[in-house]
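Peer 1: Read off the chains here:
There are 2 protein chains.
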Amino acid sequence: MLDEIEIGCATTNSKYKKRLDCAVVKIPKTSTLSGVFTTNNFKSASVKDCLKKFKKKFNGNKLLVINAGNANAGTGLAGEKDLELLLNSLSSMTGVEIKNILPFSTGVIGERLKIKSLTSAFEECSKNLKKNNFNNLATSIMTTDKKVKISKKVVKIGNKKFSILGVAKGVGMIEPNMATTLSFVFTDLKIAESSLKKIHKNICNETFNSISIDGDQSPSDSSILVATGKNLINSSKLLQTFKKSLEVVFTELSEKLLLDGEGATKLIEIEVSGLKSKTACKEVAKKIANSPLLKTAAYGEDPNWGRILSAAGNTKHKFLAKNVSIKIGQIKVLNKGEIHKKYREALGKKEFKKQRISLAVNLGPSKHCAKVKSSDLTHEYVSINSDYRS
Amino acid sequence: MLDEIEIGCATTNSKYKKRLDCAVVKIPKTSTLSGVFTTNNFKSASVKDCLKKFKKKFNGNKLLVINAGNANAGTGLAGEKDLELLLNSLSSMTGVEIKNILPFSTGVIGERLKIKSLTSAFEECSKNLKKNNFNNLATSIMTTDKKVKISKKVVKIGNKKFSILGVAKGVGMIEPNMATTLSFVFTDLKIAESSLKKIHKNICNETFNSISIDGDQSPSDSSILVATGKNLINSSKLLQTFKKSLEVVFTELSEKLLLDGEGATKLIEIEVSGLKSKTACKEVAKKIANSPLLKTAAYGEDPNWGRILSAAGNTKHKFLAKNVSIKIGQIKVLNKGEIHKKYREALGKKEFKKQRISLAVNLGPSKHCAKVKSSDLTHEYVSINSDYRS
Numbered sequence: 001m002l003d004e005i006e007i008g009c010a011t012t013n014s015k016y017k018k019r020l021d022c023a024v025v026k027i028p029k030t031s032t033l034s035g036v037f038t039t040n041n042f043k044s045a046s047v048k049d050c051l052k053k054f055k056k057k058f059n060g061n062k063l064l065v066i067n068a069g070n071a072n073a074g075t076g077l078a079g080e081k082d083l084e085l086l087l088n089s090l091s092s093m094t095g096v097e098i099k100n101i102l103p104f105s106t107g108v109i110g111e112r113l114k115i116k117s118l119t120s121a122f123e124e125c126s127k128n129l130k131k132n133n134f135n136n137l138a139t140s141i142m143t144t145d146k147k148v149k150i151s152k153k154v155v156k157i158g159n160k161k162f163s164i165l166g167v168a169k170g171v172g173m174i175e176p177n178m179a180t181t182l183s184f185v186f187t188d189l190k191i192a193e194s195s196l197k198k199i200h201k202n203i204c205n206e207t208f209n210s211i212s213i214d215g216d217q218s219p220s221d222s223s224i225l226v227a228t229g230k231n232l233i234n235s236s237k238l239l240q241t242f243k244k245s246l247e248v249v250f251t252e253l254s255e256k257l258l259l260d261g262e263g264a265t266k267l268i269e270i271e272v273s274g275l276k277s278k279t280a281c282k283e284v285a286k287k288i289a290n291s292p293l294l295k296t297a298a299y300g301e302d303p304n305w306g307r308i309l310s311a312a313g314n315t316k317h318k319f320l321a322k323n324v325s326i327k328i329g330q331i332k333v334l335n336k337g338e339i340h341k342k343y344r345e346a347l348g349k350k351e352f353k354k355q356r357i358s359l360a361v362n363l364g365p366s367k368h369c370a371k372v373k374s375s376d377l378t379h380e381y382v383s384i385n386s387d388y389r390s
Numbered sequence: 001m002l003d004e005i006e007i008g009c010a011t012t013n014s015k016y017k018k019r020l021d022c023a024v025v026k027i028p029k030t031s032t033l034s035g036v037f038t039t040n041n042f043k044s045a046s047v048k049d050c051l052k053k054f055k056k057k058f059n060g061n062k063l064l065v066i067n068a069g070n071a072n073a074g075t076g077l078a079g080e081k082d083l084e085l086l087l088n089s090l091s092s093m094t095g096v097e098i099k100n101i102l103p104f105s106t107g108v109i110g111e112r113l114k115i116k117s118l119t120s121a122f123e124e125c126s127k128n129l130k131k132n133n134f135n136n137l138a139t140s141i142m143t144t145d146k147k148v149k150i151s152k153k154v155v156k157i158g159n160k161k162f163s164i165l166g167v168a169k170g171v172g173m174i175e176p177n178m179a180t181t182l183s184f185v186f187t188d189l190k191i192a193e194s195s196l197k198k199i200h201k202n203i204c205n206e207t208f209n210s211i212s213i214d215g216d217q218s219p220s221d222s223s224i225l226v227a228t229g230k231n232l233i234n235s236s237k238l239l240q241t242f243k244k245s246l247e248v249v250f251t252e253l254s255e256k257l258l259l260d261g262e263g264a265t266k267l268i269e270i271e272v273s274g275l276k277s278k279t280a281c282k283e284v285a286k287k288i289a290n291s292p293l294l295k296t297a298a299y300g301e302d303p304n305w306g307r308i309l310s311a312a313g314n315t316k317h318k319f320l321a322k323n324v325s326i327k328i329g330q331i332k333v334l335n336k337g338e339i340h341k342k343y344r345e346a347l348g349k350k351e352f353k354k355q356r357i358s359l360a361v362n363l364g365p366s367k368h369c370a371k372v373k374s375s376d377l378t379h380e381y382v383s384i385n386s387d388y389r390s
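Same order as they appear, the protein sequences are chains E and A. For the first sequence, the residue numbers in the working numbering are 1 to 390. For the second sequence, the residue numbers in the working numbering are 1 to 390.
Among the hints, a few may not be true.
For identical chains, the list gives no copy identity; a pair is met inside one copy or between any two copies.
Said to hold, decoys possible - Distance condition first, Cα-Cα at most 30 Å in a straight line; then the derived DSS-like pairs of lysine-lysine:
id, residue 1, residue 2
1, LYS52, LYS146
2, LYS349, LYS114
3, LYS116, LYS278
4, LYS276, LYS52
5, LYS29, LYS130
6, LYS127, LYS152
7, LYS81, LYS322
8, LYS161, LYS341
9, LYS353, LYS48
10, LYS336, LYS53
It is worth saying that the hints were derived from the structure and are not from the lab.
Starting from the given sequences, assemble the full structure and let the hints guide the process.
Peer 2: Okay, here's the thing in structure tokens:
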């Protein structure tokens, strides 16, 4: 399964010593592709190049080429020329047309690429393409990640089994420095490009776009979904089956990102409901998710629910304090604006001692609801991000 | 000077051991008052009470009554009844009508007030009213503040000298727990209430509302401006003179808050210009000010300007990357989207080693401009806010 995908990896021996930090992924011409990219005003040279290429049709074999350690972002026109050089040599090496080569870069912002060592590393990748080389791919794309992030799911359609396999990287989530989010997900089903794009966008919204480690957003965030199969799936029922499995893979990958988040020790799930739209609920949930005070309280295992209340009140979305209810796990803390009679701090504390902390905040009568996941803010986060780049 | 203001302070011997944590400020009936309060959806019982009272006219003597250690926020109707009890006893003790008593509470959210010990502490305050007792007032309102925050300025009008004196508290700025911002500023000039309110609101926007320690916003933030003089100032020129001095006092107080910010070691000034409105510039400046990545970089004295770029790109305000210029202090880093030829990291590092780091980000041709001040994110911030409440 997934035998159609060939992957070569190498190291430039720079940022991460001898660890793999470059990869080339060869995708057969019959595949369909979808890409979701950062909405940051500053986009890296690679993201800009991908966006341009996704506007046109791909044909022939396609390559994903990835380097970790340098984001080639904030480098202006010089950075775009560096990328052009690199893509030219990759095209000569492999015979794949430039318009079919998609570049991805992750790492420090504001440094120029080292073209020479990158070119020879990519040459090594291209010469050593292998099937079933996903573990090495997952390693090659890491920056400050401590763990390799892979998720796999088998989909049964009739008597046949198909695979979905995804790899991802990212630790200072939606974060620009040394820790941009990249994800590459492959399936050996065949899905029409238009369906693939729609499904991909929706799932990204519910998974990668609903997690936050530090509220920062990278100029390099990219997610690629590739379908390599031969027999087209287009019945809406089968697409639903595929979508469900795909969602499991994306959810797993996004939770792996959170739990490997810079310095993270906790996963915090925040459900906000009762405002007049899902967007409003998501904005309040993100405000809570990004509150340094809630994140430090989670780290300290302190069920300091006043911080949830304050963060929820700190957006443009209006609601009445007397309508607000808060639960920590299954424990009722605030009920229609009043402290619940049975609430004792020991009960909240027990929930905050768990690795996965669930918070439910109801702000009114509407049925709308959104979930966001976050991690805690720890001494290690400060250490990682205040240490001088090296 | 400022002899019209009488202040009594006491301790409840609870949260801060024997440190003063309660104050009563007596304001003569001829004074004018202005109040600016939090815009958080959740307002403490005290803030709600003040907002109601400011809608009506004050007459007779007025009292400001302040307690530190408990914010009386998130306590629902029960909290409002507690406050009513407290105000009733204060009115009996002092003979001041309830409608002329303004309460302020700062501290933990979600705990009920201890009425008995508070009542007896306020009684002690009322019996010991003294002139020139501003140092004790500044101490009484502290929570996790390490330093007393007072700022004083003399205004010369003709041959006469007048005073402006302000006290403030707040360390986890715009922060809900144990660290709400309160400020009380007094002058012995006489300013009409309408002018006072207008000046107060504008200056708060440029000072207290343009600083951020952690982007969180408290349900208790309050700023009070009192003018006790006898001879009305209403020439627009004299009002300008007053306004300038007042701005110095508010700026000093807000910078004192930042430098005493929880765990803070640096003051970061961020100027954003070139977007199509001042509001847009301020939103981008706040995004940069609240970026945990920029704040940890400041702590680590790492001139990681890629983090400024990413944060600036992470709002709804659009601009072209090729128009962007960044300066660290007087050092040009990015010039119209390209790394400046003379920029060397050692130059940026020198600027980041200063206690006051200045960043200027120009995003386009417009003249609009906004300044925001912030502090760094440090190990001590995490320690303070993850430690269990005690």
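Peer 1: If you test the structure against every hint from before, which numbers come out violated?
Peer 2: 1, 3, 8, 9
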